[in-house]
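Undergrad: This is what each chain is made of:
Number of protein chains: 2
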Amino acid sequence: MIKGHQSWLFKSKPVLISSSAVGGPFEAKGPLADDFDVLHQDIWVGQDSFEKAEKKLLEDACETAIRKAKLKKEDIHFLLSGDLMNQIISSSFTARTLGVPYLGIFGACSSAMEGLALASLLVDSQNAEYTLAAASSHNLSAEKQYRYPTEYGAQKPPTAQWTVTGAGAAVVSKAGDGPYITSATIGRVVDMGLSDPFNMGAAMAPAAVATIEAHFKDLAVEPDYYDLIATGDLGKVGHRIATDLLTEHGLKIPSDKFTDCGLLIYGDNKQVFAGGSGCGCSATVTYGHLVNRMKKGEINRMLIIATGALLSPMSYQQKESIPCIAHAVSFEM
Amino acid sequence: MIKGHQSWLFKSKPVLISSSAVGGPFEAKGPLADDFDVLHQDIWVGQDSFEKAEKKLLEDACETAIRKAKLKKEDIHFLLSGDLMNQIISSSFTARTLGVPYLGIFGACSSAMEGLALASLLVDSQNAEYTLAAASSHNLSAEKQYRYPTEYGAQKPPTAQWTVTGAGAAVVSKAGDGPYITSATIGRVVDMGLSDPFNMGAAMAPAAVATIEAHFKDLAVEPDYYDLIATGDLGKVGHRIATDLLTEHGLKIPSDKFTDCGLLIYGDNKQVFAGGSGCGCSATVTYGHLVNRMKKGEINRMLIIATGALLSPMSYQQKESIPCIAHAVSFEM
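Protein chains in written order, with this note's numbering: chain A, 1431 to 1763; chain B, 1431 to 1763.
Be aware that one or more of the hints could be misleading.
Where chains are identical, the list cannot tell them apart; a pair therefore holds if satisfied intra-copy or between any two copies.
Under the rule of at most 25 Å between Cα atoms (straight-line distance), these lysine-lysine pairs were calculated in the DSS-like manner [claimed, not checked]: (1) Lys1604 / Lys1482; (2) Lys1502 / Lys1725; (3) Lys1604 / Lys1441; (4) Lys1459 / Lys1700; (5) Lys1586 / Lys1700; (6) Lys1500 / Lys1433; (7) Lys1666 / Lys1682; (8) Lys1700 / Lys1441; (9) Lys1443 / Lys1604; (10) Lys1647 / Lys1498; (11) Lys1687 / Lys1482; (12) Lys1647 / Lys1586; (13) Lys1502 / Lys1433; (14) Lys1586 / Lys1725; (15) Lys1503 / Lys1459; (16) Lys1433 / Lys1503; (17) Lys1574 / Lys1687; (18) Lys1586 / Lys1441; (19) Lys1574 / Lys1726.
Hints in this document: simulated from the structure, not taken from any laboratory.
The structure displayed is predicted, hence computed values, not measured ones.
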């Protein structure tokens, strides 16, 4: 490692041998519905609280990914999981259900790629044979915790985003069938002074751009190395800002190669304002739709940059601006 | 790695080249006061909220550890930090201040050793040259978030514990002076059905015992390998339970070799009920007092098992029991 370097190159090329995407009723109506392994028609997922519903989504995602890898939970060396709930209870209670050694992580909506980066590093460094990386969010547990009870009917501006009800998980192994995880870039916190929680895309865009730039610099590759570069949940507003910033910084990515999971998941649905968000956004879109596209041969190399807004309702109330981060992981067939 | 194995053996022996402990006014009156690098006489640490005060403690700890290592923050490849605040804002805002690539973690009061285990693994696997592991807690930010505003004067039972106002940090490097980090054991979630947040020690004791047992099995060593085995924050009640459970399981550790950071930090002070707790408990006692004892030649080998109760106020209100975890790290001169 040289000073300033923030990327890991996985020389042994760990393999994402299976992945899963679990969604709710609203995701079931979206354009990516066919890429979900499980779609719940009940927003409560048969539970008596939204928090328990979210945990159930995450358990489903983990169990599905393990089953698709033809493994048992006892085969998993370590679970790395994160979510948006206070004290990441969705992840910790899922870790209780699975009973495997557990590393709790928090990177807000960047958690999916933070977990996958570490899960891949554990396999690459021969400190684990099979690792499971997972992340979840639930629209109504997030609304309740971060904003207002939805019963209030509070209005939102068009820059607001829609938290995905969903969970994704991936099993990483030293060998097997599936995309290789070839490298990861760990982000720095970037805070441009924005403090509007109804415009997270704008706040997170500079963090995404900083990590993309660091990735290309550290790995000494050009944007055309990838067939697809997708951010996590910048939405319409953040995606436009990120595109402009990258162009300003001399990194021109053709518009057909640069997208955002928050734009893909709900298509043109106006109900979601600027697009999807939440830990479940990049997790379900990457581990469902995009990995499926790789397996179909439509994408050979892709870079996923999951973006996270590291605020809390308390830090917002105390007039703090929003610290943002982005972690990138590269997938190659 | 073999199935069921949950420990990492660091073959290159990463070195804890510096560490720091920062405390508040109550810790300044305790028996370990001399082992703190910085002691604030103001519980607000000059800030206008307890949350900002906690962030300041964590920033102080990180900056002190970096300075003691004779490094600059630009030399640190990755910061791994966790705390008890919702969305770990103390850690994320400290990561903003430092500006280094950041991996947010959450293991409640086990965060200090979760971070140190990963920080050591990053150095051992040559994915980083210098890493910084940190954790913090603040008595009044924790009381406010987890329990009642202290102004209510709510009474507590004698099994309750006292959240440490403090932060600890450690710099890990591939070479240098200081204790080697030789191995780490990552815990599974253990939940015995206890649900009383005023008796965390009892809830966490079985998790500590499970990790200690796994450590000895995985590493094929006996308890007498270590001069000192210290849990994180079991306090009086949990320490007694852990001692009994270990004896039942055939792992007899002499009482002069088995202790708990939550027992050490405040000595016999009755005000703290069953003892200290919080992410700052094992962080400050380990990175201050115990590392100092190693450097003085009083301890050659020690095992720290940081314990975490992974509940949230919400999971408690929803009548859930408390999932607990413990992560162990071994230090050798």
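Undergrad: Quick check: which numbered hints come out false for this structure?
TA: 1, 8, 10, 11, 12, 14, 15, 17, 18, 19
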